Amino acid sequence: MFPELNNLLNTTPDRAEQGKLTLLCDANTDGSFLVHHFLSFYLKANCKVCFVALIQSFSHYNIVGQKLGVSLTVARECGQLVFLEGLKSSVDVFFRAQAEPHPLQFLREANAENLQPLYEFVREALKPVDDGEAAWRCPVLLVDDLSVLLSLGMGAVAVLDFIHYCRATVCWERKGNIVALVHDSGDTEDEENNILLNGLSHQSHLILRAEGLPTGFCRDVHGQLRILWRTPSQPTTQRDRSLTYQYKIQDKSVSFFAKGMSPAVL
Amino acid sequence: MAAVATCGTGAGSTGSMVAAGGKNNVTSFQRRGPRASGSDSSYSRLVSIAGTRPSVRNGQLLVSTGLPALDQLLGGGLAVGTVLLIEEDKYNIYSSLLFKYFLAEGIINGHTLLVASAKEDPADILQELPAPLLDDNVKKDFDEDACNHKTAESNIKMKIAWRYQLLPKMEAGPVSSSRFGHYYDASKKMPQELIEASKWHGFFSPEKSSSTLNIEPCSLTHGYIKLLQFIQNIIYEEGFDGSNPQKKQKNILRIGIQNLGSPLWGDDICCTENGNSHSLTKFLYVLRGLLRTSLSACMITMPTHLIQNKAIISRVTNLSDTVVGLESFIGSERETNPLYKDYHGLIHIRQIPRLNNLIYDVSDVKDLAFKLKKKLFTIEGWRGRSFPNLKI
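Protein chains in written order, with UniProt numbering: chain B, 1 to 266; chain Y, 1 to 392.
These aren't lab readings, by the way, just hints derived from the structure by calculation.
Remember, it's a predicted structure, so these values are computed and weren't measured experimentally.
It is possible that part of the hints are untrue.
[As the list claims (entries may be wrong)] The list that follows gives simulated cross-link-like pairs (lysine-lysine, DSSO-like), each with its CA atoms no further than 30 Å apart: (1) B/K259 <-> Y/K341; (2) Y/K373 <-> Y/K189; (3) B/K127 <-> B/K44; (4) Y/K366 <-> B/K252; (5) Y/K341 <-> Y/K366; (6) Y/K189 <-> B/K88; (7) B/K88 <-> Y/K250; (8) Y/K250 <-> Y/K199; (9) B/K88 <-> Y/K366; (10) B/K88 <-> Y/K208; (11) B/K248 <-> Y/K366.
[Said to hold, decoys possible] Quick list of the computed label-pair ranges, beta carbon to beta carbon: (12) Y/S332 <-> B/K175: 31 to 41 Å; (13) Y/K188 <-> B/G216: 37 to 47 Å; (14) Y/Q308 <-> B/Q98: 28 to 38 Å; (15) Y/K310 <-> B/V157: 46 to 56 Å; (16) B/R241 <-> Y/T336: 46 to 56 Å; (17) Y/E193 <-> B/L213: 45 to 55 Å; (18) B/K44 <-> Y/E207: 52 to 62 Å.
Backbone N, C-alpha and C fix where the C-beta goes; we use that ideal spot for every residue, glycine too.
Please put together the full structure from these sequences, using the hints given.
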């Protein structure tokens, strides 16, 4: 996790909030550093994490996680982390018929209606342990990323339904958190993606939006991060609080600064 | 995950995206060299695969794209296990040339090739590969196929200056075959004996389309399903995914797919706006899954300028690792622009992956143009507004 981002969000692993949906989105840039942040944050906060990693392999997250101070292999072995590796499982699902329902079963079907097998997988993974002692703090579902599901043949409504079911189980029933990444396609007229993004934006408690600089590439400022706090359940007359920072990604951390205050400029 | 042991890169532990047997994370302080037992010294054997080198940044195993200039722009080369997507130029002249460079590099390095095309027979494509520029001194070394031997020798030599071993050996002009990345002469053809000595598999879509499917009809078009099965078959049969303990495959599989997405594959995204919008993206996803779990690297050329639905292009970009776009000046008003008079087109590096890392190597030079001289394909760039003077 990035300590500077924790300061901006005013959280620490000890005081993580519960029952929240956090939406990560990126436009014209790569927002995956946010996924790495939240993964290491919740592992350090001693939460049980179910990570649906659809876009990269386990070793990628593991190696970056080690730079940020968590070991995914250890977490997986002791049961803190349930990892669904999309790329590797897709090969198994696609080429061999599976005996039991597989979370990525929609890859084999021509017109998959919904993501129910995936939801069942998440529910099973984040089931509370019944032996009396609360080993982990709260369940967390992390998805990287939801836009890939659209590319694989699911409609935006099916993905929204999936998140809705997960919210009911993880956030409301078990007081956990959900963090999901969606790409913002900008002006490329991806209707389904816009529906998904807008729908999730209205349901989220916290939106982190990483944008590329409108002026183009810069070596010292890699992009701009907009943070928006919302209260979706209670419509308020107050404007939601929002902050904007610029950031630069380094080897093991990300540094944030106010707009125009990059150390390279000052 | 087998790991590549790199000395002194500074990162704590390194790993490559290859699953070949057990999971070892080798730290940077482990000594290189062949062990006596040889049973699980997979990492030391991986290091000496011809035509590969570990990335200086993250220890990722890299292969050359066939163009040393492009290798440098991509941060050292193409990572094993990833997809390089080339967005074709309008008349598919230069992208097919890059495709041939990629295959020629595989032949020179002794990699196994898998060539898939819906337009030309792969055997014909291989006949038209450019000839490598080799000088006479090392020609007989190459005939003996002494690549591995040479790399092992150079390992021993640099005991004291071992840090420098990882730096790419920058030599201009004709080079020996044991280095990474070669130059090719576009005006000559690859010698027949080299092509015959190489191992390659061809997939020609019209030939394979009549056989039956043993997979449920999903939304993929027929041609893509057959291609995926073919690739998966080769990877499994020849042991590139490490699942077969009998086959000790320590070679790279270079997959080249030409004109993916064109109507010749049976896909209609280039014909209509409301075509089958999931076929190509599903194909790319499963292909990437196959690549991540095997010792292979793939180059795909795609006529993105023909795709009617722009949303598909952005989805395809997100599903690929490295994306390079070619824009040729033929027929455009830039042909007469004095700024571009020496060049044949522009190269756009649209996406570079951040593998095993938060950051990536990105070149400062963003405006790049290429030209195909009599023999060589060169890339030059502008820095600021001055005339091009940066040879990459």
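CB of Y/K188 to CB of B/G216, is that within 37 to 47 Å?
holds, 41 Å
Does the alpha-carbon distance linking Y/K189 and B/K88 stay inside the 30 Å limit?
Status violated; Cα separation ~39 Å.
Does Y/K366 lie within 30 Å of B/K88 when you go C-alpha to C-alpha?
Answer violated: B/K88 to Y/K366 is near 34 Å, above 30 Å.
State, for the Cβ atoms of B/K44 and Y/E207, whether the hinted interval 52 to 62 Å holds or is violated.
At roughly 55 Å between Cβ atoms, Y/E207 and B/K44 fall inside 52 to 62 Å, so the hint holds.
B/K88 paired with Y/K208 [C-alpha distance capped at 30 Å]:
holds, 26 Å
Verify the CB-CB distance for B/R241 and Y/T336 against the hinted window 46 to 56 Å.
holds, 54 Å
Quick one, are B/K88 and Y/K250 close enough, alpha carbons at most 30 Å?
holds, 21 Å
Hint says 28 to 38 Å; check whether the CB-CB distance for Y/Q308 and B/Q98 agrees.
holds, 35 Å
Consistency of beta-carbon spacing, B/V157 to Y/K310, with hint 46 to 56 Å
Taking Cβ atoms as reference, Y/K310 and B/V157 lie about 22 Å apart, which means the hint is violated.
Given the hint that B/K248 pairs with Y/K366, does the C-alpha gap stay at or below 30 Å?
holds, 19 Å
Could you grab the alpha-carbon distance between Y/K250 and Y/K199 and see if it respects the 30 Å cut-off?
Holds, because 14 Å separates the two Cα atoms, which is no more than 30 Å.
Determine whether the Cβ-Cβ distance between Y/S332 and B/K175 falls within the hinted range of 31 to 41 Å.
Once the Cβ atoms are compared, 59 Å apart, the range 31 to 41 Å for B/K175 and Y/S332 is violated.
This entry does not satisfy hints 1, 6, 9, 12, 15, going by the numbered hints stated previously.
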